[in-house]
Amino acid sequence: MTRFIHDQFAKDYLEELLKPYGKVKASSRVAGEIREIDVLFSPAQQANNLEMLGILGKFAATSAIFEPFRNPASEEEICDCLLKLLEVRGALQREANRNKISIKELEIPKLWILSPTVSVRILSGFSAIQASNWVSGVYLMGEYLRTAIVVIHQLPRTQETLWLRILGRGKVQRQAIDELEALSSNHPFRRATLELLYNLQQNLVMSQTEESDDRELVMRLAPLYQQDREQARQEGQVEGIKQGEERLIIRQLNHRFGEIDSSVLERIRGLSTDQLETLGEAFLDFSSLTDLETWLDQNL
Numbered sequence: 001m002t003r004f005i006h007d008q009f010a011k012d013y014l015e016e017l018l019k020p021y022g023k024v025k026a027s028s029r030v031a032g033e034i035r036e037i038d039v040l041f042s043p044a045q046q047a048n049n050l051e052m053l054g055i056l057g058k059f060a061a062t063s064a065i066f067e068p069f070r071n072p073a074s075e076e077e078i079c080d081c082l083l084k085l086l087e088v089r090g091a092l093q094r095e096a097n098r099n100k101i102s103i104k105e106l107e108i109p110k111l112w113i114l115s116p117t118v119s120v121r122i123l124s125g126f127s128a129i130q131a132s133n134w135v136s137g138v139y140l141m142g143e144y145l146r147t148a149i150v151v152i153h154q155l156p157r158t159q160e161t162l163w164l165r166i167l168g169r170g171k172v173q174r175q176a177i178d179e180l181e182a183l184s185s186n187h188p189f190r191r192a193t194l195e196l197l198y199n200l201q202q203n204l205v206m207s208q209t210e211e212s213d214d215r216e217l218v219m220r221l222a223p224l225y226q227q228d229r230e231q232a233r234q235e236g237q238v239e240g241i242k243q244g245e246e247r248l249i250i251r252q253l254n255h256r257f258g259e260i261d262s263s264v265l266e267r268i269r270g271l272s273t274d275q276l277e278t279l280g281e282a283f284l285d286f287s288s289l290t291d292l293e294t295w296l297d298q299n300l
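Counting in this note's numbering, the final residue of the sequence shown is number 300, and the numbers go up one at a time with none missing.
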């Protein structure tokens with residue numbers, strides 16, 4: 001159950017980081033909706049400041065497919081990722097044939113499989129070799145496959161790898177969160193990442209997870225959430241707090257109940273900051289949109 005919660009966090013997180021630099025399609029379907037790509041990214045013609053994302057920015061310098069895994073990617077899962085890449089490539093080739101043009105190499109996406117750990121057996125089986133021109137933890141397959149397996153827990157603990165290590169687990173993820181917390185409060189990705197992590201925390205609490213990694217993550221994020229809100233209040237960022245709470249709750253509602261009616265969204269945006277925080281707690285007990293509407297009727 002919690003694996004899917006982490007999967008959704010990873011998709012939302014990558015989409016949030018990459019959307020300033022190009023076109024992002026999360027959960028993009030291919031081959032008659034048989035398979036679903038986690039994140040398909042096409043960089044803008046002038047994607048400035050990609051270096052702010054470190055090696056994630058380097059991955060996104062050209063068209064890319066990102067397939068993040070919470071648990072170590074298995075042989076079957078990696079094969080499925082390769083099939084998605086080949087199907088996208090086939091679709092591009094068919095379109096080029098119809099238009100009687102050639103595919104530009106930069107238009108063919110590269111596949112980046114992001115996994116916390118990967119066994120030596122699997123790396124060897126796919127002939128994935130540590131790339132000499134990348135940091136440790138990046139293993140490239142054959143040139144024509146345009147694929148790399150990124151072993152997150154092997155990445156060096158540097159600023160350049162921070163945005164990928166956030167997708168690790170256990171100690172690696174907690175260290176990355178510590179580094180995220182230490183960033184300047186006006187860093188362009190700090191706020192968005194924290195909000196997504198708070199959303200992850202709420203979903204894990206709601207799932208009543210029994211996994212030790214998840215429980216430790218919830219405990220790590222709880223004081224950070226309170227500290228973050230208190231600091232924002234002291235700095236007079238009341239409107240920023242309110243907007244953050246709105247985004248957090250609306251994202252949770254959409255994931256749990258599907259697309260929310262615009263009239264309900266307007267009612268949520270009419271809530272005060274304190275009401276939004278109360279709703280965030282009450283939301284854990286909702287089983288349907290009717291519960292949400294009842295709560296709004298009682299609190300507006």
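Among the hints, a few may not be true.
With a Cα cut of at most 30 Å, we get these calculated DSS-like pairs of lysine-lysine [what the hints assert, rightly or not]: (1) Lys11 x Lys100; (2) Lys100 x Lys171; (3) Lys58 x Lys23; (4) Lys58 x Lys25; (5) Lys11 x Lys23; (6) Lys171 x Lys104; (7) Lys110 x Lys100.
Source of the hints: derived by calculation from the structure; they are not laboratory data.
All values reported here derive from a predicted model rather than from experimental measurement.
If you check each hint against the structure, which ones fail?
1, 2 and 6
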